[in-house]
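Undergrad: Next come the chains, spelled out residue by residue.
There are 2 protein chains.
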Amino acid sequence: MINKKIIVTGCAGFIGSNLTDRLLENGHEVIGIDNFSTGQRQFLQNALNNSKFKLHDIDLLDFNSVKDIFSNVHTVFHLAANADVRFGIMHPKKDLEQNTIVTFNVLEAMRMNGVKKIVFSSTGSVYGESKVIPTPEDGPFPIQTSLYGASKVACEGLISSYCEGFGFQSWIFRFVSILGERYTHGHIFDFYRQLKLHPDSLSILGNGKQRKSYLYVQDCLDAILISLEKANERVNIFNLGFDGYVEVNDSIGFILNELNLNPKLIYSGGDKGWIGDNPFIFLDTKKIQALGWNPKLDIKEGVIKTVNYLKKNEWVFEERL
Amino acid sequence: MINKKIIVTGCAGFIGSNLTDRLLENGHEVIGIDNFSTGQRQFLQNALNNSKFKLHDIDLLDFNSVKDIFSNVHTVFHLAANADVRFGIMHPKKDLEQNTIVTFNVLEAMRMNGVKKIVFSSTGSVYGESKVIPTPEDGPFPIQTSLYGASKVACEGLISSYCEGFGFQSWIFRFVSILGERYTHGHIFDFYRQLKLHPDSLSILGNGKQRKSYLYVQDCLDAILISLEKANERVNIFNLGFDGYVEVNDSIGFILNELNLNPKLIYSGGDKGWIGDNPFIFLDTKKIQALGWNPKLDIKEGVIKTVNYLKKNEWVFEERL
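In the order they appear, the protein sequences are chains A and B.
At position 223 of the first sequence (counting the first as 1) the number is 223 in the numbering used here, and the numbers step up by one without a gap.
At position 265 of the second sequence (counting the first as 1) the number is 265 in the numbering used here, and the numbers step up by one without a gap.
All the pointers check out, no bait thrown in.
Here are some chain B residues pointing at chain A (derived, C-beta under 10 Å): (1) K93; (2) F104; (3) E108; (4) R111; (5) P136; (6) P140; (7) Q144; (8) T145; (9) G149; (10) K152; (11) C163; (12) E164; (13) G165; (14) R234.
Calculated from the structure, these hints are not laboratory results.
Virtual Cβ for every residue (Gly too), placed ideally from N, Cα, C.
Modelling step: build the complete structure from the supplied sequences, incorporating the hints.
TA: See below:
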């Protein structure tokens, strides 16, 4: 892919803004779309200084305002989503609208404009509580346990059927949780916020023994770009994760060590952090590794990078404290 | 389940109206919902003469007009759907709206009214082109090939996540094509209509060697009711099909024999009937059989029943000829 016109939806998000920077570095023209519901304008500082970047502050739910933006585009990286797994049951319509219906709108806008290549950020949550761990891409037909996972499965289905029905080509990535610069939600974010408010105690959802895999954001981008180059099926599905996992308690150890704190740990108990939480997420990543990709950072290094990013960027907590 | 208040969505459809009659026979109170987009008022002749039946002619897309109907209901049989697999790519929004969003509305109406049991008609199409045949319920994570299958996977995901998140219980049935009285779409319908117009020639999509399994509607209803009685997981998923399959050409043989016709057969060629057609549908039905269910009619008997129903009810073609 050389000097193409590319759309990044969710361009002001954690992964979206890192991807936007990377694509601009690689010489592409990037059309960014974000509704700034969770995206941050500050994440686009570099991009906004680049003449090859154009930002559209619009909501993809409003089909009429987006459809013309897709003309003459080579590839769409569709990262815009409600990425809140934990509070799905507080607002079930959000996943339906911001994930399923928005993805439908993106596909229709592509179809109207003859754009046929789509990269999609799915999630390891689509596996629900798989009985096969590490879980491969073609593991057992899952039963969904979260509205978020259900909406991402719905999106994957839409994308695949557009590939079959309308000659699209897709690269679908099922991520574990991603760590690194511009990280703005997840357990490290929550723990850091708590410790800022009260350094002497830390509340942990569940028993802390939930086992999870994490991947550093730049490693994630490497994997996406390598697979775009090397995988050429009609529908290309890849797990993206680190080939290993840690307990939430390990992760807490890395964070406290980096912050030089020793708070009292208060566990809510039970093996799940919340309803729909998956106590063991570990994806089989042999398929992406077979393309020659390997992560450069391990989970501990990713956690430390993230803590140090948050230390230097406490403004990300401002709205939320 | 004895003398309960039950909702049947899609009550005027092929399977929905047969189910409505069966539930009324069993002494239940049935609240039927249909928008009559494909449903037929004539299918409800028996039901409308029964004081325990109440019909609502409304569209489930309009949440405000349906939400109050769900109060004090014991179980919802959600059969309303766009069931048109073949023409999905002509109107991609239809599957999204009539299947995914309508199912979301049904779930929300249930949640608002404290109704927690849902029976859902899914489809073998959710398996796409499975590499494992006969395909079991926990076969490999499928890649969707039709907008219809994609929308049903989306519905299954929503239902399962409502089970996890809101304490619902569900029975999800992945049907092969169903045959029998009130059958109004599918290959027998198409062939019969053609032969009525021109008895000397029959056009066949594909090469006629597509292998498919079919199930007789009363056997299908038996299976649903048995599993409601005997399966008690939070999410109960069952394939419903006949333990065998026929080629489209076999099916044509049964039909022509029954109609005593010998037309010229004209094949469009290729191994698929249309884009997204699955040339081999054969579901593993061991799980439902383990509950003691077995179909009473085989595929040939089902085809003959259907042809004889169409012979006696040519009015079903009226709008469509």
